[in-house]
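Colleague: Sequence:
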Amino acid sequence: MDEVEARAVLDRRVMQLRDQSYEELRDTWLLRPDCEDVTGASGIWYQVEIEALWDDKKARTLRMFVAIDDGRGWRAFAPLTTTFVVAPDGTFLGE
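Just so you know, our numbering puts 39 at position 39 of the sequence shown, and the rest follows in order with no gaps.
Since the hints were made in silico from the structure, they are not lab data.
Careful, some of the hints might be misleading.
Label pairs and their in silico Cβ distance ranges [as the list claims (entries may be wrong)]:
#1 LYS58 x GLU24: 15 to 23 Å
#2 ASP89 x THR39: 15 to 23 Å
#3 LYS57 x GLU3: 18 to 26 Å
#4 GLN47 x PHE92: 19 to 27 Å
#5 GLU24 x ARG72: 15 to 23 Å
#6 ALA41 x ARG72: 16 to 24 Å
The beta carbon of each residue, even a glycine, is placed where N, CA and C say it ideally should be.
The whole structure should be built from the sequences, with the hints applied where relevant.
Modeller: Structure below.
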């Protein structure tokens, strides 16, 4: 897997997610993980998995998990990942 390209694809998807409201993220992704197929600039196919879980259910903060791999070799078992936490007021925590 081209890690530089995969990281760029992952970062673009994360930026798109961060542009969504807290409500959109919660209603779309909370406890409903899904995968998206993406083709990088090189023509390599990647799978992006997105999931949201409660980071702190009482405070209603969401932790977004975003992972990418090309479905081949060990990367399918150890994808590149990133996370971010968003509060109900739309602020990002821990940054």
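Colleague: Each hint: holds or not?
Modeller: Here is what the structure says about each hint:
For LYS58 paired with GLU24, a C-beta distance near 22 Å keeps the hint of 15 to 23 Å intact. As the Cβ distance of ASP89 to THR39 is approximately 36 Å, the hint placing it in 15 to 23 Å is violated. The given range of 18 to 26 Å is broken by LYS57 and GLU3, whose C-beta atoms sit roughly 34 Å from each other. For GLN47 and PHE92, the Cβ-Cβ distance of about 25 Å falls inside the hinted range of 19 to 27 Å, so the restraint holds.
For the pair GLU24 and ARG72, the beta carbons lie near 32 Å from each other, so the given range of 15 to 23 Å is not met. At about 18 Å, the beta-carbon gap between ALA41 and ARG72 stays in the expected band of 16 to 24 Å.
This entry does not satisfy hints 2, 3 and 5, going by the numbered hints stated previously.
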